[in-house]
Amino acid sequence: MLKIVGEKEEIEKFEWNLPKIFPDKKVEKKILKLWELDSKEIEKIGVKGYGKIISKRIKEIRKMKENGKKVVGYLCNFIPEELIYASNCIPLRVCCGIYESINVAEKILPMDVCPLIKSSFGSTLSKLLWFDLCDVIILPTSCDGKKKLAEFFSKFKDVWILHLPNLKTEDEFNRNFLPLIKVLKEDLEKLSKKRISRDELEKSIKLFHKRTEVFRKLNELRKKNQPPINGIGFNLILFTSFFEDVERWIKNINLLYKKLERKDSKFSEYPKVMLIGSPIIWPNFKLLKIVEEFAVVVNETMCSFEHLYTPVEVDDWSYEGMIRALARKYFLPSICPCFLGNDIVDRILQRIEDYKIDGIIYHQLKNCLLFDMEYYKIKFVLEKKGTPLLRIQTDYAKEDVEQIRTRVETFINIIKGKYGNK
Amino acid sequence: MLTNNNFITAGIDVGSVATKVVILKNGKIVGKSLTLTKADPFHAATFALKKALKEARLHKNNINFIVATGYGRRAIEFANETVTEIICNAKAANFLGSPFGKIGTIIDLGGQDSKAILLDNDGKVERFVMNDKCSAGTGRFLEVMARTLELKLDEFGKLSLKSKNPIKINSTCTIFAETEIISLIAQKKKVEDMIAGLHFSIAEKLVNLASQIGIKDVIFFDGGGAKNVGIKVALEKMLGKKVYVPPFPEYVVALGAALIGVEKC
Amino acid sequence: MGISKIRKAVRIISFVLIVYGGLFAYFLGVKIFPLIPISLPISYSAGEISLLGKSYGIHFFEDWIMDLSPFTLILPILITFLICWLLFASFLCGWLCPLGCFQDFLSFIRKKLKIEKLILPKKIEKFFDYFRYIFLFLILIITFLISDYFVNQVGISAIRDMHGKVSVSKTSCAGTVLDALRGEIEKAIKRLTPPSQPIRLIFYFIGLLFLGFYFGSFFIERFYCRVCPIGAVNFLFNEGSFLFLEKDNQRCTRCGICLEVCPMNQRKVYEERIRNKVDSMRCIKCFKCVEKCPEDNCLKVRFMKFTIFSSKFKNIG
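Chains as they are written, first to last, in numbering that gives the first Met the number 0: chain A, 0 to 421; chain B, 0 to 264; chain C, 0 to 316.
Among the hints, a few may not be true.
Some, not all, of what chain A presents toward chain C, calculated at C-beta under 10 Å [claimed, not checked]:
(1) E42
(2) K43
(3) T168
(4) R323
(5) P332
(6) C335
The hints are simulated quantities; they were obtained by calculation from the structure and are not laboratory data. Keep in mind the model is a prediction, meaning the values are calculated, not measured. All C-beta atoms, glycine included, are put in the ideal place defined by N, C-alpha and C.
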């Protein structure tokens with residue numbers, strides 16, 4: 000079923016179907032094993048229990064579904080999770096980093112499509128991990144690929160389209176985005192067969208505000224001259240926010256923070272690098288792992304976790320006021336290049352100063368026009384600022400590891416040379 | 000410091016086509032050798048090192064430091080350190096210098112890739128760009144064309160200089176350019192004109208690549224492909240600047256590796 | 000200590016001083032002026048103040064002051080205002096004005112009841128931006144017309160009251176609120192009855208309008224401030240005042256929270272991307288934007304070279 004948020008009518012009326020795809024248990028086992036291996040990074044810091052976190056959560060969601068709870072999946076970070084949580088549904092982000100799913104997707108989608116889209120589609124089709132558990136998927140029309148993807152998803156899932164304006168002005172917000180969020184709330188109420196009360200929404204907003212607080216706290220640690228956690232560890236932990244229960248996640252991060260606060264850093268000898276551009280989503284840590292052979296990643300200004308950074312500030316705790324504050328947070332500070340006049344530049348410049356960045360690596364997924372065109376602007380600004388910049392154009396495949404490694408290694412050598420002995 | 004010391008270092012450049020070794024003593028090259036990498040970088044490196052040692056009349060134990068570079072550098076387990084070929088190239092270029100002045104841009108035309116490096120005022124790498132995805136701007140392009148025209152690669156460059164009317168090759172892809180050459184042969188066009196056109200094609204690709212990081216005087220042209228005088232002339236014509244090709248251009252990166260070895264001693 | 004807590008305290012103290020200050024003067028035995036120089040425009044009958052039905056004759060001014068012509072009387076008050084304006088501009092609006100405090104109290108009740116606040120559309124805000132100056136101009140002219148001096152010259156006697164003295168606010172029913180706050184219910188009701196004389200009728204309707212704006216501030220924050228004539232003058236000094244708002248555009252994440260919390264619905268702080276000074280016409284310097292901004296040191300309250308408050312990320316509750 001394919002419909003626009005707030006409307007009843009189905010968009011596509013003619014019959015066509017997707018070929019049948021059978022789930023591949025081998026791939027699922029492989030991914031879970033890979034997680035157990037990678038999560039040892041976190042266990043090294045002293046926080047246990049991360050190895051089985053995915054399998055445990057999948058079982059938990061399945062049980063909750065049996066008891067009648069609905070799962071609302073979404074791509075990108077324009078959908079207010081607070082609303083989904085307040086309506087007693089489970090928010091689940093289905094942005095995927097799995098390489099094996101791309102083969103599945105390429106049976107249907109063309110080759111020249113962003114790997115993230117292919118991977119998310121393939122994983123949902125082949126019922127991998129938690130990707131198939133959604134009752135509804137909400138797709139924002141951020142890029143062309145996601146827009147058209149809605150048609151494909153609708154053949155086996157209910158899809159709601161959230162129409163994003165192209166400009167991030169206050170007028171566009173009031174005219175086009177805020178009314179959408181209001182009707183999204185009504186759609187969610189219909190889905191969960193329960194009205195969202197004012198108190199529930201307030202509680203939900205306050206809970207997710209804690210999530211922002213704890214995220215910022217953790218980020219502050221990375222500003223130190225000797226960061227106690229590297230990029231891989233940090234991104235692994237943050238990846239769990241895609242599927243994990245919010246309250247448990249906050250508790251885990253608080254625990255982690257306590258362990259890291261007093262930890263001695265082992266990354267002080269490395270130059271500090273910031274990653275920007277297309278999001279890096281587990282298990283596509285290819286670039287991250289290569290970079291961290293030579294440097295330490297102290298910040299990612301990417302849409303993978305940037306929505307955890309800005310808080311929802313409610314001035315007017317009436318129902319309408321809360322929805323407006325929510326919608327504002329998910330729209331105005333967004334750094335997605337799908338918006339014209341995107342002002343990620345200021346954020347990058349500020350972070351260079353805050354985190355004492357030595358160099359920036361621009362991660363660009365192949366076939367992404369938006370990030371490709373955005374590069375020129377960022378190169379211009381960073382050249383003026385004098386911060387070294389390296390562009391890596393890649394996808395999920397492993398074939399170009401050596402090529403990336405040569406570039407990254409040379410880049411880090413350049414940085415080291417510029418800033419003396421590190 | 001690099002020239003008057005008693006250190007003996009070896010630089011091993013494991014390229015995708017050929018492995019080059021340079022043995023350096025007191026700032027002078029005392030031995031060098033080249034062998035095809037084929038499918039076994041480790042074996043190629045060992046073999047090339049042996050050959051170079053023989054020429055230098057030295058034993059492996061005499062070497063104080065071995066630096067491996069190039070695409071297959073990580074396979075060389077007996078190397079003391081690995082460094083990327085861009086850094087090595089810059090090091091060697093600075094060491095060799097050019098008769099025209101300070102080196103600003105390095106263009107490296109390899110067997111299966113090409114690179115451009117911009118140096119800052121201190122001779123350090125400021126920016127770099129690599130083409131290792133498309134064969135059209137690499138040595139492979141000329142190899143394919145030489146085979147199509149049934150000529151030896153060595154004569155290729157000199158023949159191109161004889162042309163008075165170079166024919167523009169429209170295809171950017173190696174395979175389709177080959178098809179274009181075949182149709183030109185059928186049209187009974189002059190060989191030297193076709194070859195000159197091909198050289199301009201490569202020069203154009205190199206200039207496009209280097210423009211991404213900025214072309215600054217003086218231009219230092221190295222890599223195996225720099226042995227081709229036709230490309231050098233085409234580059235000079237296209238850029239309107241003098242291009243310097245060092246002696247033994249294919250060994251420049253290996254030399255750079257050996258120089259880094261001296262620093263690490 | 001949060002800015003809003005300090006501001007709350009200052010507002011309440013200022014409110015009490017100005018509305019009931021005359022009584023303190025009475026009981027303390029001091030003359031009001033020059034104790035509270037800005038109390039003059041806020042409707043007192045010259046020479047008396049009443050509370051809960053009882054009238055207290057107070058010496059509003061020193062005797063010699065009463066003999067001065069209205070112009071000389073106005074002068075020191077104007078000078079005080081001018082200094083305040085240059086230094087603080089509309090800081091007076093946000094922190095000292097008792098009418099502002101009253102409106103904020105109504106907003107407070109609305110927030111407790113969790114009722115939605117109304118936001119005026121841009122066009123209407125722009126309309127008020129012009130309207131308040133026309134209004135100010137009219138009020139100045141009318142005050143001039145009915146002042147003693149002018150009356151003596153021109154001889155308009157229709158609006159003289161029983162004591163032979165006049166004050167603008169006595170002829171308007173905006174003073175209803177203040178009378179009610181002092182327990183003068185009868186007086187308050189009397190003000191609400193429409194007078195018969197035509198010129199007084201004009202003032203009556205203007206006063207009704209003002210009342211509408213005061214109480215409208217239950218739904219629209221600081222609604223009266225959109226048309227306040229004193230505010231109109233205060234706002235003129237906003238751009239160049241020594242107390243100003245500074246924004247670090249690089250730290251701004253465009254979250255729009257400053258826009259959300261502003262009671263005057265002004266957009267300069269949010270929309271400015273290049274310049275550092277973000278004072279705007281309608282700003283009442285309540286500094287809510289600085290308090291709620293989640294980026295450290297993005298918005299700053301500065302007095303000349305000194306930084307007084309700076310934005311900082313705060314945990315909720």
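Here is how each hint holds up against the structure:
1. E42: 29 Å, violated
2. K43: Since the shortest Cβ distance to chain C is 29 Å, the answer is violated.
3. T168: At 9 Å from the nearest chain C Cβ, T168(A) passes the 10 Å test, so the hint holds.
4. R323: 7 Å, holds
5. P332: This hint holds: P332(A) lies near chain C, its Cβ roughly 4 Å from the closest one there, short of 10 Å.
6. C335: 12 Å, violated
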